[in-house]
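J.: Below are the chains, spelled out letter by letter.
There are 2 protein chains.
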Amino acid sequence: MPTIQPRVLKGFRDSLPEMELMRAALVDKLEKVFNLFGFVPIDTPVLEYAEILLGKGGGETDKQVYRFRDHGNRDVAMRFDLTVPFARFMAEHVDQLYLPFRRYHIAKVWRGENTQRGRYREFMQCDFDIVGTDSASADADILLTAAEAMKALGVGDFMLRINHRALFNRFLAHIEAQQVSTEILRTVDKLEKSGTQATIDLLSTLIAPNLAQEVIAFIQKEDSFEKTLDKMLSYCTPGDVEASIARDRLRDIMDCVSAAGYEQNVVLDPSITRGLDYYTGMVMETSLTVMPEIGSVCSGGRYDELANLYTERRLPGVGASVGLDRLIAALEATGTASKTDISTEILIINQENATLRELHALAAKLRSAGYSTEVFPETKKPLTQYTYAEKKRIPLAIFAASPSGPFTLRVLSRRENLDVSDFEGLRGILERELHG
Amino acid sequence: MPTIQPRVLKGFRDSLPEMELMRAALVDKLEKVFNLFGFVPIDTPVLEYAEILLGKGGGETDKQVYRFRDHGNRDVAMRFDLTVPFARFMAEHVDQLYLPFRRYHIAKVWRGENTQRGRYREFMQCDFDIVGTDSASADADILLTAAEAMKALGVGDFMLRINHRALFNRFLAHIEAQQVSTEILRTVDKLEKSGTQATIDLLSTLIAPNLAQEVIAFIQKEDSFEKTLDKMLSYCTPGDVEASIARDRLRDIMDCVSAAGYEQNVVLDPSITRGLDYYTGMVMETSLTVMPEIGSVCSGGRYDELANLYTERRLPGVGASVGLDRLIAALEATGTASKTDISTEILIINQENATLRELHALAAKLRSAGYSTEVFPETKKPLTQYTYAEKKRIPLAIFAASPSGPFTLRVLSRRENLDVSDFEGLRGILERELHG
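Line order of the protein sequences matches chains A and B. For the first sequence, this note's numbering begins at 3 and goes up steadily by one. For the second sequence, this note's numbering begins at 3 and goes up steadily by one.
The shape of chain A in the complex, shown without the other chains (with noise of 0.2 angstroms):
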């Protein structure tokens, strides 16, 4: 009798094969896009000291992170992020490695998170970075990766927004903000959500009235990618240094993608700030056209320090993370993923007619030719055959009792029988049926 009832833990979930397998063509065309662009993969534990995750003190995030001891009394968590083991890894391994180091890690990450919302408290990353250099050629190679990464999955238009953190930082050095840059940050990285009265109202608890409302007109994005830059620069004190510096550098970053032929998905937008301190220069969020309410699919920025928590050495980078449970939606949504789910292309129907021996060697036999074929273990009637085949989506069901011939090809999909003679002339008919 059985005594446990099967259940998973409240924001887990279980991956059955056609989720997995969509995840899985998914990942196959991002590590494709890595590699392309010489991005190398990496993994970390899952477990880590809780020091290491968490720092000496420990903030805001410690409480939904897992955290306990493990036998020999360690105080261990499970990762988080990829973030913060990627800055542990570069600094125990910067030696072995070579810089600038260009690495990918696609893995799981915990957050004991509220689970309204539908948030899950296990939930896969995907992030890219460059380290090791301070140059808008990398910053240009983290949004052409994002853009080739689009592009392959196939979701349609795309636009990448860009912005550069010391811009905005400027802008309130100007009107004399910065005691509260970074609640302004975090206001107006929600803009979109709270809408621009609501925002203005937020604002105003932080700054004047006539400076809210200055801030909104500075985030505001003009016709092109200069006229924007102007109207940045001119928000900010006459000859700023800084501000110089970064207008320079998203003109060097828009350069080298435009050389690549991504211009058109590439918008300079100051509403775009990441609310995170982490970032310091160029800043980028990634929108669908299809479906922009999803958010962002690609998000990113360019960091002075991944890890000078463990060690001395100047680690400056830019990087950029994959949303893949926004992306799988965004492919569910346009269709894009339907011909993932299919794995089995022939099932060999198991009649008394044929012994296992006869049915084992044609399974054999179109293995070699190329087609993932089953052999029904059992001999059932052929509709109890047919009813698997169709749960499992496999296309073709093919009758035999001798690996040579002749055959009787079922198209289940129009229910139709083709009987073929030969071999020859089923893998012809095959061809035409899976690839045709």
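One or more of the hints may lead you astray.
Label pairs and their in silico Cβ distance ranges [as the list claims (entries may be wrong)]: (1) B:T381 - A:S370: 33 to 41 angstroms; (2) B:N116 - A:D97: 28 to 36 angstroms; (3) B:R76 - A:G438: 46 to 54 angstroms; (4) A:S370 - B:Q118: 58 to 66 angstroms; (5) A:T117 - B:T381: 45 to 53 angstroms.
List time: in silico EDC-like cross-link candidates among lysine to aspartate or glutamate, alpha-carbon distance up to 16 angstroms [said to hold, decoys possible]: (6) A:K34 - B:E124; (7) B:K153 - B:D30; (8) A:K31 - B:D30; (9) B:K12 - B:E124; (10) B:K34 - A:E22; (11) A:K12 - B:D30.
Hints are computed from structural coordinates only; laboratory data are not their basis. Glycine residues also receive a C-beta, built at the ideal position from the N, C-alpha and C atoms.
Assemble the complex: chain A is given as a structure, and chain B must be docked to it using the hints.
T.: Just chain B, lined up with the frame of chain A:
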């Protein structure tokens, strides 16, 4: 100032790009074979209710399991294998799926084991199973999938050693040693490690010395499949029905395996028992001719009940587990793993005489042609850039001031520079150097 020492927990390790690329190449080959046989991927949560993973009581494995209280004070644990989560998964989802269900699952598991003898506390498992059928065809499919996987991995000659648990059990019944069958199975399972005399000595503590000798005689292989089978039957009670059924099953399995062309890779070996009570039918191990000392690289067998802790549905099945770490060791030892660690194919040298715009335009052209390409992000001495390329095992470097040429291609391994006037000429040389 850095304040935290970067380090990983004992028994855990980072995976650097070289290892990660090797693992990815191996997993890719395995997945292609699984797909060819109609297996589909699934995934399950890393964290589950401790009750689900350990049962109501909990046995010897408990001590090794990472178990703790989560934020909601739930008694949770990290999975220590992929079999128990699969049993829970099938009990929970059987009505959304179809039977027989062929799944594979490649994922990490955690055990707080003693780290002496090179054991890791975090490692990858790779399981494939067919559940919902008790048939020779499914047993054969597991053997054929294992054989095809070994062939695809290119690990050289291999041997699948199979047996049937019922034959051993009926032999033990005949010599009236059933009460100590578990202990005998465990002892015999370690024969290769312990040696014959030590095994006889150990067996003699369980049964009479003459019976211990009989056990050793029983588990000797004979010249052929049929001779070994006859010998095994002759050690059972004459006319034993269960033993005859097991014999017929082994013959049917061998029939399928021979039909599919793998007769030479499968041997009946009565010493294979897989010392686990779990198995009830065919059992199998896989040894590599080139490295027998690493032990079985793919092991498994048939079981009566996958999920009886969680459901009343009877779910008989057969499956096996691939030893990824052992296979990586074998691939390293045989040198088959060498070529997988090339990532970037071309480094575009960054020199003052070219703008980033031109270098990125060239990179885009090369990527469109399918070459993994990166622009060195900063203008540095060629030697610095060569050193980077060599450390990352990038085979080729290109000097260019324009995306249309002329180019100088440097073959880093030969320290040879080749001048090319246009892009078409460059492509010809790239093909020859990279794929020639």
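J.: Would you mind marking each hint as holding or not holding in the structure?
T.: Hints, one by one, checked against the model:
1. Between T381 (chain B) and S370 (chain A), the C-beta spacing of about 53 angstroms breaks the proposed range 33 to 41 angstroms.
2. One distance hint, 28 to 36 angstroms for the beta-carbon pair N116 (chain B) and D97 (chain A), holds here, with the actual separation near 30 angstroms.
3. Checked against the hint of 46 to 54 angstroms, the C-beta distance between R76 (chain B) and G438 (chain A) comes to roughly 53 angstroms, which is consistent with it.
4. A beta carbon spacing of about 45 angstroms between S370 (chain A) and Q118 (chain B) contradicts the range 58 to 66 angstroms that was offered as a hint.
5. For T117 (chain A) and T381 (chain B), the Cβ-Cβ distance of about 51 angstroms falls inside the hinted range of 45 to 53 angstroms, so the restraint holds.
6. A threshold of 16 angstroms between alpha carbons decides the hint, and for K34 (chain A) with E124 (chain B) the separation of about 27 angstroms lies outside it, so the pair is violated.
7. Of the supplied pair hints, the one linking K153 (chain B) and D30 (chain B) holds, its CA atoms being roughly 14 angstroms apart against a limit of 16 angstroms.
8. Between the alpha carbons of K31 (chain A) and D30 (chain B) the distance comes to roughly 13 angstroms, so the proposed pair stays at or under 16 angstroms and holds.
9. As the CA atoms of K12 (chain B) and E124 (chain B) are separated by approximately 10 angstroms, the hinted pair is consistent with the 16 angstroms bound.
10. Taking the CA atoms of K34 (chain B) and E22 (chain A), the gap is near 15 angstroms; set against the 16 angstroms cutoff, the hint holds.
11. Simply put, K12 (chain A) and D30 (chain B) have alpha-carbon atoms about 32 angstroms apart, too far for the 16 angstroms limit, and the pair is violated.
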